[in-house]
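Q: Chain residues, written in single-letter form:
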Amino acid sequence: MSKTWHLPEDRFFDPEKSQKKAAMEIYERIKDLPIVSPHGHVNPQLFTDDSPGFGSPSDLLIIPDHYIFRIFYSQGLRLENFGIPYKNNSKKEVEQSHRKIWQNFADNFHLLRATASYSWLAYEFKFILGIDEVLDSENAMQIYDQIEEKLASPEFQPRSLYKKFNIEVLCTTDGASDSLQEHKEIARSGWDGRILPTFRPDSVVDLQNPNFKAEIQKLSESVDKKIKNFEDYLSALEKRRYYFKRAGAVSTDQGVLAPVTNELSYDEMNKLFKAALDGKTSPSNSKAFTGQMLNEMARMSCDDKLVMQLHPGVLRSHNQFIFDRFGADKGADIPIQTEFTKNLRPLLNMYGNNPRFTLCLFTLDEYTYSRELAPLAGHYPSIRLGPPWWFNDSWNGMSRFFDSVTETAGLYNLSGFVDDTRAFLSIPARHDVWRRVVANWLAKMTVTSFIDIDSAHELAYMLTYTQPKAVYNL
Amino acid sequence: MSKTWHLPEDRFFDPEKSQKKAAMEIYERIKDLPIVSPHGHVNPQLFTDDSPGFGSPSDLLIIPDHYIFRIFYSQGLRLENFGIPYKNNSKKEVEQSHRKIWQNFADNFHLLRATASYSWLAYEFKFILGIDEVLDSENAMQIYDQIEEKLASPEFQPRSLYKKFNIEVLCTTDGASDSLQEHKEIARSGWDGRILPTFRPDSVVDLQNPNFKAEIQKLSESVDKKIKNFEDYLSALEKRRYYFKRAGAVSTDQGVLAPVTNELSYDEMNKLFKAALDGKTSPSNSKAFTGQMLNEMARMSCDDKLVMQLHPGVLRSHNQFIFDRFGADKGADIPIQTEFTKNLRPLLNMYGNNPRFTLCLFTLDEYTYSRELAPLAGHYPSIRLGPPWWFNDSWNGMSRFFDSVTETAGLYNLSGFVDDTRAFLSIPARHDVWRRVVANWLAKMTVTSFIDIDSAHELAYMLTYTQPKAVYNL
Amino acid sequence: MSKTWHLPEDRFFDPEKSQKKAAMEIYERIKDLPIVSPHGHVNPQLFTDDSPGFGSPSDLLIIPDHYIFRIFYSQGLRLENFGIPYKNNSKKEVEQSHRKIWQNFADNFHLLRATASYSWLAYEFKFILGIDEVLDSENAMQIYDQIEEKLASPEFQPRSLYKKFNIEVLCTTDGASDSLQEHKEIARSGWDGRILPTFRPDSVVDLQNPNFKAEIQKLSESVDKKIKNFEDYLSALEKRRYYFKRAGAVSTDQGVLAPVTNELSYDEMNKLFKAALDGKTSPSNSKAFTGQMLNEMARMSCDDKLVMQLHPGVLRSHNQFIFDRFGADKGADIPIQTEFTKNLRPLLNMYGNNPRFTLCLFTLDEYTYSRELAPLAGHYPSIRLGPPWWFNDSWNGMSRFFDSVTETAGLYNLSGFVDDTRAFLSIPARHDVWRRVVANWLAKMTVTSFIDIDSAHELAYMLTYTQPKAVYNL
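Chains as they are written, first to last, in the numbering used here: chain P, 342 to 815; chain Y, 342 to 815; chain Z, 342 to 815.
The set of hints was computed from the structure by calculation and includes no laboratory data. Among the hints, erroneous ones may be present.
Which copy is meant is left open, because identical chains are indistinguishable; a pair holds if it fits in one copy or across any two.
When the alpha-carbon atoms are kept at most 27 Å apart in a straight line, the in silico DSSO-like pairs for lysine-lysine are as follows [stated by the list, open to error]: (1) K615 - K569; (2) K671 - K683; (3) K683 - K628; (4) K504 - K344.
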């Protein structure tokens with residue numbers, strides 16, 4: 342017999358009675374607030390007139406979600422069995438039957454227990470898809486049928502779910518040269534959902550990108566002007582930012598290995614840039630270039646007031662075998678130690694006191710929370726701390742975040758929640774975890790008399806709703 | 342309507358009933374113990390016959406306290422509005438009205454919620470200043486008046502508060518060439534308070550200090566002997582230590598960026614020293630010199646038994662704009678990663694087994710607790726671990742400290758509490774937090790049967806009273 | 342009057358009622374499971390026909406246990422007083438009376454309170470040795486007599502205790518050239534206890550080992566073939582692994598300062614190896630050689646399926662004075678920061694996807710848990726995370742481990758418990774702490790509705806019994 346989901350209304354809260362009571366009281370007032378999602382990776386095409394919808398249950402929950410299939414891979418299962426496509430599009434060993442993929446998922450679903458993904462999936466199955474039973478080998482096909490039926494219904498089309506999820510605004514992530522075609526279509530369609538682009542220039546600021554020259558060519562085409570030198574390049578980026586801003590963008594985003602920001606002169610940058618166009622660069626040149634580009638992007642943010650998001654510290658595609666066979670974003674990205682204090686100093690000395698500048702910092706190295714991030718955020722007016730990201734986006738990850746940063750940074754220097762997901766269905770689940778952590782943490786602060794219950798309500802409202810809107814100018 | 346402070350006797354303790362009961366029982370026996378304050382930055386002039394007193398309420402609580410105004414700065418408010426003086430003493434935009442400063446403080450007081458400073462201020466307002474209402478925009482001036490009246494009364498003069506706070510001994514921090522005039526005056530005055538100096542040679546061991554030559558000149562004058570070479574310099578430091586010791590000093594203190602202690606020969610040091618007097622040095626020479634000076638200071642401690650305190654790992658004045666305008670100690674000091682195991686090895690191999698030597702280690706990098714500091718303290722007889730310092734001097738910071746170091750280092754290798762504050766009024770508040778954390782943590786150990794309640798009482802007494810006296814020879 | 346031990350059945354569990362109830366329920370089903378001990382340092386000679394037994398009470402609990410006497414040393418007591426032998430075997434100041442050693446132990450037993458060792462000793466005294474009173478100065482000799490009597494009885498001989506402890510398998514650690522004489526004797530004796538060797542090649546892969554040449558000579562003798570070059574050397578290691586495997590070994594173990602695994606060619610390795618045999622090497626050459634030897638060992642593991650254990654990050658014998666006088670393993674080993682992501686990449690790119698390979702990772706740097714170890718284990722099929730080790734093998738150390746790694750790595754990528762002890766009597770105590778942490782942590786997961794109680798039972802069984810057997814092929 343299959344189990345049924347046990348997800349009581351007081352789930353996740355500390356079991357101690359007075360804290361749980363306070364947590365429930367705080368949560369009650371914030372749980373139904375609109376969702377503000379200032380950063381993520383949902384495909385905007387979902388919301389165009391000709392939305393492709395979610396595909397099969399396996400398309401919905403498994404194939405695109407590296408948070409999940411990496412766990413199966415780590416247990417010796419083959420990615421092919423979960424329908425993960427080869428880089429070269431060969432179908433040789435890749436499972437094509439979405440029902441078989443689903444069965445494999447169900448057979449191994451128990452391996453996810455105690456992970457953050459499991460808590461999101463529980464929410465999605467029970468509260469979004471209306472499935473009462475915990476997925477297992479026996480009920481797999483029956484549940485597949487149920488979900489398939491749901492996904493065919495009008496109320497499970499992306500725009501309907503957007504409304505059902507009570508999303509107020511959803512930001513996507515888009516390449517620097519992107520036409521933003523989908524965003525424009527959505528705007529033109531008259532639909533009142535708010536899907537905003539975000540300017541992500543990573544591929545055009547990384548000299549070691551093997552496609553660098555092609556990327557610059559695309560950038561050049563996007564502004565309809567040949568890029569011959571660093572000046573042209575900066576000018577193109579400025580134009581693209583303006584283009585994004587006009588399309589509704591409120592922020593930029595950059596992912597770098599280390600947040601180095603040593604200052605380089607125009608001439609140095611010009612030299613590095615032109616050499617790279619000629620196919621000549623080196624890891625150290627590339628690092629220096631990207632570092633100075635953080636400064637340039639900060640400078641542009643002071644002009645156009647796009648919030649600057651920084652996501653440093655991941656060594657992407659750590660596993661060459663997986664990269665060669667399946668490509669990027671396959672669960673093989675591994676964090677490294679990250680240094681903020683020295684690395685960000687040049688940038689902060691130039692722009693950190695500028696009232697027009699907002700720098701939203703993320704990290705996968707939580708061992709910088711109390712040492713570097715909280716003191717930086719507790720001083721610089723430009724800095725806001727993004728919530729725990731990726732591997733740390735979990736109950737304990739968030740709880741440690743609040744325990745580690747607030748006494749130094751205060752709560753007003755946090756950005757509120759950012760779901761950063763490509764899994765649309767997980768958005769309400771993830772925001773619900775944040776709201777529950779906020780409620781539970783403020784409840785603890787209340788029952789231990791650090792703050793009063795009115796403050797707790799007010800701060801909970803801020804951390805779940807008003808703060809992300811304020812930080813991201815939404 | 343303004344709120345009133347809610348600070349029940351069981352505040353901060355874990356809400357679980359059995360733990361709270363044990364915590365209350367443990368706390369009850371230690372809460373009124375005399376305060377031993379072996380390290381801090383209170384101005385000794387407060388306690389001389391012609392004490393300047395505390396000034397205005399804004400002088401008392403805002404203008405000198407960078408723990409507090411940094412939060413306002415981080416939220417986009419100007420330091421000028423809080424009366425922070427310019428480095429060049431210009432009054433141009435600096436608010437001169439202490440009432441207006443107070444109003445600005447009150448208008449933004451809520452921004453401090455959930456910080457450590459907020460918990461100290463709550464204590465100070467309620468239990469020291471007798472203010473029942475939580476400060477806000479409306480009651481600001483009324484509370485200002487109340488405090489101003491208090492501060493004018495005889496029982497709110499520093500010497501009276503010293504007695505009221507039940508302080509047994511209070512150590513200040515003083516430059517190597519300081520005359521210790523105030524300490525002598527206090528001694529001569531017949532007042533029985535114990536205000537002891539601490540020898541802090543930072544300005545004369547940092548070759549990169551722009552005033553290095555002038556500092557050496559001052560040092561020279563303080564020992565009435567020209568300093569021509571490294572030998573003269575060491576001899577002057579030894580004399581000054583003796584002078585401090587005769588004035589009651591029990592310890593020295595050094596702040597360094599990294600606790601490097603590689604050994605340099607006399608000749609190498611002599612060369613570096615003389616070059617620096619000629620204005621020639623470099624970051625690496627300076628680092629090497631300061632490193633060897635840690636060894637020299639340790640050697641001297643083995644002679645004169647002054648406890649050696651080490652506070653490494655802060656990048657001072659990270660924000661150049663703030664430093665240029667307002668100077669040092671303005672909330673812009675940011676910690677960096679700190680390495681103890683390799684860095685301290687040379688020093689420890691020379692002096693770490695010496696029974697006359699005590700090295701009290703502090704850190705702002707709590708991510709060394711279980712990895713480096715606890716194993717070092719759990720082996721070397723000379724090492725004692727100072728309590729969580731600065732950004733970590735908070736409820737959660739202290740709780741993590743106990744959870745992370747005790748299982749390896751034991752409790753006997755801790756130094757007890759050090760408030761390290763320049764805010765005299767916060768002393769009882771800070772010691773109360775320590776006592777509550779100690780009680781709460783030992784209560785948890787008791788109700789989980791790791792130790793018995795008699796041990797808890799005994800260890801609580803040690804951690805709050807006998808241990809700092811023993812470690813610092815007080 | 343002496344105290345008596347208070348070790349109730351619900352000890353260590355969170356005091357909150359619902360969690361404690363669930364913890365008790367989970368613990369009840371796992372507490373009596375057989376002990377699986379896949380890695381440790383118990384002397385196999387204890388279990389041969391002519392077992393030396395445990396010696397005196399001081400031999401049993403004090404003299405060999407650096408976890409304990411380091412705390413006494415850290416408090417200014419001399420190791421000589423605890424019978425720790427000099428390296429040169431001189432008896433000059435070393436206490437020879439085991440009764441006096443025991444009295445010194447008793448006089449200072451209170452110093453251990455709140456350490457992990459204290460919780461193990463409590464268990465050993467009360468539940469293994471049947472001593473009700475807490476050791477103190479007064480009862481020291483009486484307790485010595487009681488233990489001495491026990492140790493003379495048949496039921497306290499090692500083989501009897503092995504059975505009483507319900508040990509299913511116990512792995513020792515043995516040098517690469519070891520004859521495994523004792524293991525063979527045990528096998529031949531017909532006794533049904535399972536004492537398996539583990540292949541530890543540290544002394545023959547460290548070019549800086551002052552006895553390197555002699556160690557290679559021993560290795561050469563053990564395979565009865567002269568080792569002239571790197572090929573001979575690799576072949577000898579392969580033969581020895583085969584020898585160990587035939588004697589029952591299931592794993593290898595390596596301790597390195599940093600887990601560097603940069604790839605070197607055969608020619609480079611051959612050159613480094615032959616130079617070292619000629620007494621020529623350098624720290625950097627040695628580091629490079631050891632690094633590539635990790636790769637070689639991983640390669641061999643893919644062949645012979647011996648599990649590869651890696652214990653990096655300890656700076657051994659940090660205190661030169663102690664090393665010169667007493668030798669290695671005297672409580673003076675201090676961890677350093679450890680990097681896994683970049684360092685292990687070469688090895689993992691070669692063998693990390695090999696289904697025949699298992700790499701069991703340990704660390705003393707818990708500040709890599711969420712950043713590096715959990716993401717690595719949550720991706721690579723070859724990686725399993727060993728439990729908290731050495732200084733982290735404690736209640737809080739384990740609790741932080743589960744809180745930090747599981748949400749990312751899941752529970753199936755953990756290895757279960759490894760006691761890693763040379764103190765035979767502490768084995769049941771240590772496994773009991775693990776079982777209690779597992780029960781308490783899963784209870785928290787249950788009462789907060791992250792998992793259901795059936796899952797908790799199942800996962801508890803896995804983490805305490807089936808998982809170490811599966812990971813180590815036992």
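Q: Against this structure, judge whether each hint is valid.
A: Structure-based check of each hint:
1. K615 - K569: within (8 Å within a copy, 53 Å between copies)
2. K671 - K683: between (32 Å within a copy, 18 Å between copies)
3. K683 - K628: For K683 and K628, the Cα distance is within 27 Å both inside one copy (15 Å) and across copies (17 Å).
4. K504 - K344: neither (31 Å within a copy, 39 Å between copies)
The structure fails hint 4 only (numbered hints given earlier).
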